[in-house]
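Student: Chain order of the listed sequences is A and B.
Per my numbering, the very first residue in the first sequence carries number 1; after that it's consecutive.
Per my numbering, the very first residue in the second sequence carries number 367; after that it's consecutive.
Check the hints yourself; a few may be wrong.
Pairwise CB distance ranges, derived in the manner of DEER restraints [unchecked claim]:
#1 Gly-317/A x Val-374/B: 51 to 57 Å
#2 Asp-606/B x Ala-343/A: 32 to 38 Å
#3 Glu-383/B x Ala-216/A: 45 to 51 Å
#4 Glu-323/A x Lys-406/B: 23 to 29 Å
#5 Glu-383/B x Glu-50/A: 32 to 38 Å
Since the hints were made in silico from the structure, they are not lab data.
All C-beta atoms, glycine included, are put in the ideal place defined by N, C-alpha and C.
Number of protein chains: 2
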Amino acid sequence: MSASPLPVITVPIALDERSYDILIAPGLLDAASSWQGLPKAASALIVSNETVAPLYLERVRAQLGRHYARIETVVLPDGEQHKDWASLNAIIDKLLSTASDRKTVLVALGGGVIGDMTGFAAAIYMRGVPFVQVPTTLLSQVDSSVGGKTAINHPLGKNMVGAFYQPQRVIADLDTLDTLPPRELSAGLAEVIKYGPIADAAFLDWIEANLNALLARDKAALAYAVQRSCEIKAWVVGQDERESGIRAILNFGHTFGHAIETGMGYGEWLHGEAVGCGMVMAAELSVRLGPMPAEFAARMRRLIERAGLPVVGPKLGTERYLELMRVDKKAEGGEIRFVLIEAMGRAGMHSAPDALVAEVLDHCTA
Amino acid sequence: MSASPLPVITVPIALDERSYDILIAPGLLDAASSWQGLPKAASALIVSNETVAPLYLERVRAQLGRHYARIETVVLPDGEQHKDWASLNAIIDKLLSTASDRKTVLVALGGGVIGDMTGFAAAIYMRGVPFVQVPTTLLSQVDSSVGGKTAINHPLGKNMVGAFYQPQRVIADLDTLDTLPPRELSAGLAEVIKYGPIADAAFLDWIEANLNALLARDKAALAYAVQRSCEIKAWVVGQDERESGIRAILNFGHTFGHAIETGMGYGEWLHGEAVGCGMVMAAELSVRLGPMPAEFAARMRRLIERAGLPVVGPKLGTERYLELMRVDKKAEGGEIRFVLIEAMGRAGMHSAPDALVAEVLDHCTA
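Looking at chain A on its own, in the form it has when it is part of the complex (with noise of 0.2 Å):
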């Protein structure tokens, strides 16, 4: 690899002794930097996936010999679909058939699915081995790498069995979103819009004008869009590890979004297209419960509609929205609570009347 014309963005995620960095630039797959310092094992596991393993697998393996004395690897199916119970037996099953100790570090290697999964496998593992992010997805790499949420969903919900569990580090290789199917692509665009209305006006501006480089992967750009997403993620997570508050917002659009995902199955829509969905039925909530003004509403659609995204929802009925938002992890006692903007950057949780969310359903599907 020729050296990168980018620096190496570090970003610090202070969470006391759980803290760690994410280290976010093209070429640091086969950078030896990358993979210093990490904990000492006997062995390291490599969970990915049948799309990134014949990518990316045996030069992550390379970097890891370096440090471990055995390299275990567990290829999963590809897909929401497969983020279920027996793919997190099958990385257990992996770790105690290799009779893996309490040391041994896993490394997740691929989108947010194999993150999810793997973070939950590290946190229950012997109740807990450290684990490395290595994010192949726009998506994970703005999302899954802070926050420490870790989780499989079940087929009545979505993230319903989960942990919060941090890793050791985070190493998000720019490089690796070229190849990057166009529709991914634009899935995690849609939680890199996501921080501006909730938290940062001037994010948004930026990303409004710099959509088109996005769109065709120019690596600073991107560099910039990640490192800033992974910042207000920080911010956010820093006053809420465990999402009793503020951290809430960071779901702005989601509580739709996976009403459409679980109403629809999953693997019908990826989870950025359901959330970027949903950030427009949200933020049509928001106009109509109040305060924001219309033209809020319709600058979100045209955004999400420009980087790809789909802006209408799925017919599935009323009733059933509401009954899938019910058991939403953020329902208490049966009453949906929704992110909603209040002011341009700042976001939070509204209660709505089912009357005001049937017209905004009405309004955004078809």
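Given the coordinates of chain A, work out where chain B should sit on it, guided by the hints.
Tutor: Just chain B, lined up with the frame of chain A:
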């Protein structure tokens, strides 16, 4: 219920924001004060088993009914062999199918198996909901009440999947021990006895002097045994919540014991029986590795036998024992680590030559 002749003993467990109280006394199940001040929620879920539910479930439900609008129940089959993914899933499925939210309070009503599984379910459902332990066996009152260890078993090893997760409160009603089969009372005494050699020589003297009263289920004797065991465990865990150092001494007898349990198949020996026999082996190894005198092993063997516990292990074969102990969570890089007694009331982690372990196994199995 008439007023209890014994005062309610409270053992505070200080773990910063995860602090809680252990209540110890007869008559606690039906005392309104036992159930006051728990986290507010719309619903609670009682998890119990087929043996304990007919005895106590309705009484617990009646008390909880004063505080929670909806009380759900899951009754699992009884036994260590059911501490598995299937039972864990039954709890998770019940939570999801009743649309339980992230404030739902789980109540573990039963022994260590119910406590471990319910605690683990609470740790991972929606990444963590509150739970209350109502231990109904001596073993769970002295052992599971402190430390926050939750887990399920795996065909390849015991407690291999789990989490550190603290309850909101432990309600140890000594009257529930009246219905305990003698074999289970003895199994509980194994963990009580354990606290003597590892941490408190005077407590070992007290147990020897009061063993008959304990076997006769004298409430005052049981109250002190539970209190002192919880205090010692709290003192150890308080120094090392995540088991990176001193906490491992609580596993005195457990490396051999886990090998017996796994080797025989879960459910053949009770956990406390395996630990009792494992302590005989560990005492023997402490003597052979030095510096404990031979009298120590003989004393431990006499006391464990008087408590109604097995002192001779199954003939699994030395190689099988070693193989089983090498996958123990305390093993590192394939080396078995034993908790051995260094002086009466003090324990430490040691490795031992396979040949010496073989001698001990030869001496202690038949």
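Student: Decide, hint by hint, whether the structure agrees.
Tutor: Consistency of the hints with the structure:
no.: 1; hint: Gly-317/A x Val-374/B: 51 to 57 Å; verdict: 54 Å, holds
no.: 2; hint: Asp-606/B x Ala-343/A: 32 to 38 Å; verdict: 47 Å, violated
no.: 3; hint: Glu-383/B x Ala-216/A: 45 to 51 Å; verdict: 47 Å, holds
no.: 4; hint: Glu-323/A x Lys-406/B: 23 to 29 Å; verdict: 25 Å, holds
no.: 5; hint: Glu-383/B x Glu-50/A: 32 to 38 Å; verdict: 42 Å, violated
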